[in-house]
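*Asks:* Here are the chains, one letter per residue:
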Amino acid sequence: MLEITDIEAGYGRTRVLHGVTVPAGKVVAVLGHNGAGKTTLLRLAIGLLKPTKGRVLFDGEDISSLAPNKRVARGMAYVPQGQQAFGQLTTLENLQLVADGRRRGKALIEAQMARFPALEKFATRKAGLLSGGQRQQLAIARALITEPKLLILDEPTEGIQPTIVAEIEQTIMQLAGEGIHVLLVEQHIGFALEAAERYVVLASGFVTQTGDGGLAAASTVRAAMAI
Amino acid sequence: MDALISQLLNGSAQGALLLLAALGLSLTFGQMGVINMAHGEFLMLGAFTAYLVQQVIAASDLSIPVALPVAFVVAGLFGLLLEVTIIRWMYRRPLDTLLVTVGVSLILQQAALQIFPSQGVPVEKPSWLDGQLNVLGYEWPLRQLFTIVLASVCVAALSAWLKYTSFGRRIRATVHNRDLAETTGISTRTIDRLTFFVGSGLAGVAGVAASLIGGTNSQMGAQYIIPAFLVVAAGGIGQLKGTIIAAWAVGVALSCFAYWTTGSLAQVLAFILVIVFLQVRPQGLFTVRTRSLA
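These protein sequences, in sequence, are chains L and X.
For the first sequence, full-length UniProt numbering begins at 1 and goes up steadily by one.
For the second sequence, full-length UniProt numbering begins at 1 and goes up steadily by one.
Be careful, since some hints might not be right.
[Said to hold, decoys possible] 20 angstroms max Cα-Cα, derived SDA-like pairs, lysine to any residue:
#1 L:K149 / L:D59
#2 L:K106 / X:S159
#3 L:K53 / L:S65
#4 L:K50 / X:D179
#5 L:K126 / X:S159
#6 X:K163 / L:L92
#7 L:K126 / X:A160
#8 L:K126 / X:R193
#9 L:K106 / X:G168
#10 L:K126 / X:R178
#11 L:K50 / X:R178
#12 L:K70 / X:R193
#13 L:K149 / L:Q88
#14 L:K70 / X:N177
#15 L:K126 / X:L162
#16 X:K241 / L:K149
[Unchecked claim] Where chain X lies over chain L, by a calculated footprint (3+ residues, C-beta under 8 angstroms):
#17 61 to 74
#18 84 to 90
#19 95 to 107
[To be verified] Calculated Cβ distances over 12 angstroms to all of chain X for the following chain L residues:
#20 R43
#21 G54
#22 R142
#23 I164
#24 E194
#25 D212
If you are wondering where the hints come from, they were derived from the structure by calculation, not from laboratory data.
All residues carry an ideal CB built from backbone N, CA and C; glycine is no exception.
Please build the complete structure, drawing on both the sequences and the hints.
*Replies:* Here is the structure:
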């Protein structure tokens with residue numbers, strides 16, 4: 001589905017990623033300490049950042065220079081770090097924004113509201129006034145309305161109350177079960193390794209380890225993160 | 001008391017005209033952060049369009065209703081051209097945009113001077129705007145009432161468009177968080193162009209209204225651009241409700257100051273008032289209430 005090969009990228013003259021290759025897999029976890037380059041890698045995957053070297057393929061097509069909105073049209077969806085929602089729009093408007101122009105748009109919204117009941121409860125509330133956990137649910141629902149083949153999640157449980165963390169983790173497992181590919185950056189190493197088919201560890205922008213998720217011991221991964 | 005009523009009514013009409021000029025700016029400056037100093041010249045284009053439409057449709061009763069949508073499209077297309085050729089390269093560089101659009105405004109003024117007589121051109125009022133309406137003993141010219149009605153219609157249409165349509169939602173989303181909008185599947189380039197078209201088009205509509213109240217000449221845009229920017233800033237950046245209140249307040253202040261002093265002193269006093277207000281409340285009348293930055 002998504003193949004990221006020998007990527008180099010950064011901001012201005014600062015190179016952040018050095019020859020990064022992400023293994024293919026149904027659920028791929030990207031692990032690493034803060035500043036390792038995880039978010040940069042995901043921004044590159046969705047097109048907010050262009051690589052200076054290497055290739056990004058999606059379904060066999062080279063999308064390295066494609067704009068983010070065109071990547072979304074091809075079946076990629078992105079949930080950025082920090083529970084991002086359009087704060088001045090209501091919860092419902094955040095969802096309509098993506099559902100507009102899609103066949104079964106209303107049904108897609110209803111399905112997500114059924115998945116996350118809090119969104120239905122606060123449908124008319126401005127998204128900026130929702131709690132962090134509700135905003136994250138909204139961000140995931142918004143991504144899912146596009147009916148993606150690949151869901152890119154950047155620290156979906158970061159800074160969220162524990163009850164909602166469990167719900168979000170359950171949703172990610174469910175989605176993987178429904179056949180959606182997932183590229184996941186996650187600080188909870190235990191959950192990430194449980195969910196992932198493959199994982200990659202980044203340290204200072206270099207890949208220090210790759211492996212199969214289920215088999216990996218958290219201690220081995222932590223050692224690779226520290227390199 | 002009579003003087004107060006008359007100045008309130010005159011000021012409301014003046015405020016409505018300012019509001020029409022500021023509405024487009026609330027989109028391009030307030031929502032997109034682009035300082036477009038040529039916005040006043042788009043207003044001028046609207047006024048000259050009204051004149052040109054009258055050359056084709058001699059009956060002024062009909063020509064003004066026809067001129068309104070035509071002016072919207074003409075000014076909108078000029079705005080679109082400006083966005084596509086210049087502004088698109090300058091997002092997030094407000095000072096560069098300011099300098100370049102000052103240049104564009106001068107070019108448009110000179111072009112108007114070359115094409116039209118330097119003393120300006122007459123735009124005939126339709127006969128249905130000839131009368132007066134008696135308000136508490138004051139004979140209020142219908143053309144002033146027309147400006148208020150036109151501004152109200154434009155505000156209602158713009159609000160409904162932003163609130164209830166798919167494009168409106170996309171504009172609000174793009175303004176709020178450009179990267180997030182793009183990764184949600186929105187083509188932010190298309191939204192930029194459309195926003196600029198509508199914002200500039202509204203200046204064209206303002207120009208038609210201005211042509212019925214004052215003179216139509218190459219300098220008329222300069223009269224409106226600074227007060228319009230002040231109105232948008234005083235109302236709160238990107239806040240339509242604030243823009244409406246600020247436009248009315250500035251209009252009434254201008255009218256009252258002009259009555260008690262002189263026209264040019266009134267401008268100075270109104271500007272001082274807005275500047276003092278912005279010192280006390282730099283965020284303007286209204287601000288965004290949110291728990292998150294995104």
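*Asks:* Work down the list of hints and note, for each, if the structure agrees.
*Replies:* Right, here's what the structure says about each hint:
Distance check on the hinted pair: K149 of chain L and D59 of chain L sit about 10 angstroms apart at the alpha-carbon level, within 20 angstroms; holds. A C-alpha spacing of about 23 angstroms is found between K106 of chain L and S159 of chain X, which places the hinted pair above 20 angstroms, so the restraint is violated. The hinted pair formed by K53 of chain L and S65 of chain L meets the criterion: a straight-line CA distance of about 11 angstroms does not exceed 20 angstroms. Note on K50 of chain L and D179 of chain X: the hinted pairing holds, with a Cα-Cα distance of about 14 angstroms set against a maximum of 20 angstroms.
At most 20 angstroms may separate the alpha-carbon atoms for a hinted pair to count; K126 of chain L and S159 of chain X meet this at roughly 17 angstroms. A hinted pair counts as satisfied when its Cα atoms are at most 20 angstroms apart, and K163 of chain X with L92 of chain L qualifies at roughly 12 angstroms. Our distance criterion of 20 angstroms between C-alpha atoms is met by K126 of chain L and A160 of chain X, whose separation comes to about 17 angstroms. Between the alpha carbons of K126 of chain L and R193 of chain X the distance comes to roughly 27 angstroms, so the proposed pair goes past 20 angstroms and is violated.
Note on K106 of chain L and G168 of chain X: the hinted pairing holds, with a Cα-Cα distance of about 18 angstroms set against a maximum of 20 angstroms. Taking the CA atoms of K126 of chain L and R178 of chain X, the gap is about 18 angstroms. The hint holds against a cut of 20 angstroms. Straight-line distance between C-alpha atoms of K50 of chain L and R178 of chain X comes to about 17 angstroms, which keeps the hinted pair within the 20 angstroms bound. Pair hint K70 of chain L plus R193 of chain X holds up; C-alpha atoms about 18 angstroms apart against a cutoff of 20 angstroms.
For a cut-off of 20 angstroms, the pair hint linking K149 of chain L to Q88 of chain L is broken: about 29 angstroms separates their Cα positions. For the hint pairing K70 of chain L with N177 of chain X, the CA-to-CA distance comes to about 18 angstroms; that is within 20 angstroms, so the pair holds. In summary, the hint linking K126 of chain L to L162 of chain X is supported, as the alpha carbons are separated by about 15 angstroms, within the 20 angstroms threshold. At most 20 angstroms may separate the alpha-carbon atoms for a hinted pair to count; K241 of chain X and K149 of chain L exceed this at roughly 42 angstroms.
Here the segment 61 to 74 of chain L counts 5 residues with a CB under 8 angstroms from a CB of chain X, which clears the bar of 3, and the coverage holds. Evaluation of the coverage hint for the segment 84 to 90 of chain L: fulfilled, as 6 residues show C-beta separations to chain X shorter than 8 angstroms, against a requirement of three. By the rule of at least three residues with a Cβ nearer than 8 angstroms to a Cβ of chain X, the coverage given for the segment 95 to 107 of chain L holds, with 5 such residues. Some Cβ of chain X comes within 12 angstroms of the Cβ of R43 of chain L; the nearest lies about 9 angstroms off, and the non-interface call is violated.
Non-interface call for G54 of chain L relative to chain X: holds, since the shortest CB-CB distance, roughly 21 angstroms, exceeds 12 angstroms. With 12 angstroms as the threshold on Cβ separation, the claim that R142 of chain L sits away from chain X is violated: the shortest Cβ distance comes to roughly 6 angstroms. Every beta carbon of chain X lies more than 12 angstroms from that of I164 of chain L, the smallest distance being close to 15 angstroms; the non-interface claim holds. Every CB of chain X lies more than 12 angstroms from the CB of E194 of chain L, the least distance being 27 angstroms, so the non-interface label holds.
D212 of chain L, annotated as away from the interface, keeps every beta carbon of chain X farther than 12 angstroms; the closest lies near 29 angstroms.
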